[in-house]
Amino acid sequence: MSNKALSGGIEKKAVRTIRRDGLETIGLGIFLAVLAIFIYDIRYGGITGLGVLGFILLPPFLRKYITYPRVGYAKFIEKNDPRAVIASIAIVILCLVLFYLIGSNEKYGFLMPLFLGILFALFIFWLAYRTGMAINYILGILYLATGNIGFCFTYYGFESGLVTSSMLFLLALATIIAGSAQTMWFMRKNPRVVGETDG
Amino acid sequence: MDEIRENDNLRQLAEIDRIIHEPARLLIMAYLFVVESADFLFLERQTGLTRGNLSSHLTKLEDAGYVEIKKEFVEKIPRTLLSLTKSGRQAFNAYRKNMKHVLDELPG
Numbered sequence: 001m002s003n004k005a006l007s008g009g010i011e012k013k014a015v016r017t018i019r020r021d022g023l024e025t026i027g028l029g030i031f032l033a034v035l036a037i038f039i040y041d042i043r044y045g046g047i048t049g050l051g052v053l054g055f056i057l058l059p060p061f062l063r064k065y066i067t068y069p070r071v072g073y074a075k076f077i078e079k080n081d082p083r084a085v086i087a088s089i090a091i092v093i094l095c096l097v098l099f100y101l102i103g104s105n106e107k108y109g110f111l112m113p114l115f116l117g118i119l120f121a122l123f124i125f126w127l128a129y130r131t132g133m134a135i136n137y138i139l140g141i142l143y144l145a146t147g148n149i150g151f152c153f154t155y156y157g158f159e160s161g162l163v164t165s166s167m168l169f170l171l172a173l174a175t176i177i178a179g180s181a182q183t184m185w186f187m188r189k190n191p192r193v194v195g196e197t198d199g
Numbered sequence: 001m002d003e004i005r006e007n008d009n010l011r012q013l014a015e016i017d018r019i020i021h022e023p024a025r026l027l028i029m030a031y032l033f034v035v036e037s038a039d040f041l042f043l044e045r046q047t048g049l050t051r052g053n054l055s056s057h058l059t060k061l062e063d064a065g066y067v068e069i070k071k072e073f074v075e076k077i078p079r080t081l082l083s084l085t086k087s088g089r090q091a092f093n094a095y096r097k098n099m100k101h102v103l104d105e106l107p108g
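For the record, the sequence lines run as chains A and B.
Here our numbering is used: position 36 in the first sequence is 36, and no number is missing along the way.
Here our numbering is used: position 50 in the second sequence is 50, and no number is missing along the way.
Take these hints with a grain of salt, some might be off.
Unchecked claim - If you anchor each label on the Cβ, the simulated ranges turn out as follows:
(1) Y129/A - K97/B: 25 to 35 Å
(2) E22/B - Y129/A: 41 to 51 Å
(3) L58/A - K97/B: 36 to 46 Å
(4) K64/A - K70/B: 12 to 22 Å
(5) P23/B - I141/A: 26 to 36 Å
(6) V97/A - D63/B: 50 to 60 Å
(7) L119/A - I16/B: 29 to 39 Å
(8) I47/A - N53/B: 43 to 53 Å
(9) V193/A - K70/B: 30 to 40 Å
To be verified - Sample of chain A residues facing chain B (criterion: CB under 8 Å; computed from the structure):
(10) G72
(11) A74
(12) K75
(13) M187
(14) P191
(15) V193
These are computed hints drawn from the structure, not numbers from a lab.
Remember, predicted model here, so these are calculated numbers, not experimental data.
Using N, Cα and C, we set each Cβ at its ideal position, and we do this for glycine too.
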């Protein structure tokens, strides 16, 4: 086994120990619910920002009370690879531009369920790789399937905003339930350490 | 020439860091290598070592200057934060290079 593979294996195991708490999945579910509200009524646009903040800030906050008392605390080394940072920013900008183009043009509005289904499926597949949790792969497949079904509805004339927001709301529900199940499994598998955790 | 090469290989074997070479300590160093810092519970769970065993090995690593141990209170609960020192990271990298060379020279 190469050095990189060995340290990669150890790092992956260490990261997954913490990431398997299901909190990021719940955070994603909350974001999807908020996005569903925004797509249903664009006047609630400001709420999307809260959804993003919730997804970013909620898991680390809850980890202090749920995860760290059970499996311990670790701060991982931040690999600030400039290429990875630039690529991530480029991907986010591209997604936002596509979202705007599809959403603002009635001619392409019917693509929105398919676009969002694929986008969030890719995201949750990446989350599944990080956590090693099979349930996230299943969620990814559900996202793809729902995106395709939504596309069928919009292609045959159903109102895109209503179909997309309904689809996102259902996916939000499924994601929050799946994330909560992950968290409960994690808590059962890793009982809280009572008292001093030091040697 | 062959004799010189043979001596070099033997010297490499002799230069292996015995502090790190012990299996439990190697595991501890490996986990600390991939984090900026971690607490005692995390290391205990990852390595599977008992509390006493882990404590004993950490003391040896701290005495060697490879590990820094900081005790702090987080919401009235004591927490021991562990991290590799700069010399600890250098020592681990040197150990890794050394072992790779030694293993590459083994027959089979």
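Restraint check, 8 Å cut-off on beta carbons, for A74/A near chain B: Holds, about 4 Å.
Restraint check, 8 Å cut-off on beta carbons, for P191/A near chain B: 12 Å, violated
Does K75/A meet its interface restraint, that is, does its C-beta lie within less than 8 Å of any C-beta in chain B? This interface hint holds because 4 Å falls under the 8 Å limit.
Note whether the CB distance of P23/B and I141/A lies within 26 to 36 Å or breaks it. For I141/A against P23/B, whose Cβ atoms are near 41 Å apart, the range 26 to 36 Å is violated.
Consistency of beta-carbon spacing, K97/B to L58/A, with hint 36 to 46 Å: Holds, at about 42 Å.
Just tell me: holds or violated, for the beta carbon distance of E22/B and Y129/A against 41 to 51 Å? Between E22/B and Y129/A, where Cβ atoms are some 34 Å apart, the hint is violated.
Is the hinted range of 25 to 35 Å satisfied by the C-beta distance from Y129/A to K97/B? 30 Å, holds
Note whether the CB distance of V97/A and D63/B lies within 50 to 60 Å or breaks it. Since the Cβ atoms of V97/A and D63/B sit about 57 Å apart, the hinted range of 50 to 60 Å holds.
Was the hint right that M187/A lines chain B, CB cutoff 8 Å? 15 Å, violated
Answer holds if the nearest beta-carbon of chain B is closer than 8 Å to that of G72/A; otherwise answer violated. Interface hint status for G72/A: holds (3 Å vs cutoff 8 Å).
Take the C-beta atom of L119/A and the C-beta atom of I16/B, compute their distance, and say whether it sits inside 29 to 39 Å. 50 Å, violated
Holds or violated: the 30 to 40 Å window for the beta-carbon distance between V193/A and K70/B? Cβ of V193/A to Cβ of K70/B: about 19 Å, so the range 30 to 40 Å is violated.
Violated hints, in rising order: 2, 5, 7, 9, 13 and 14; the structure is consistent with all others.
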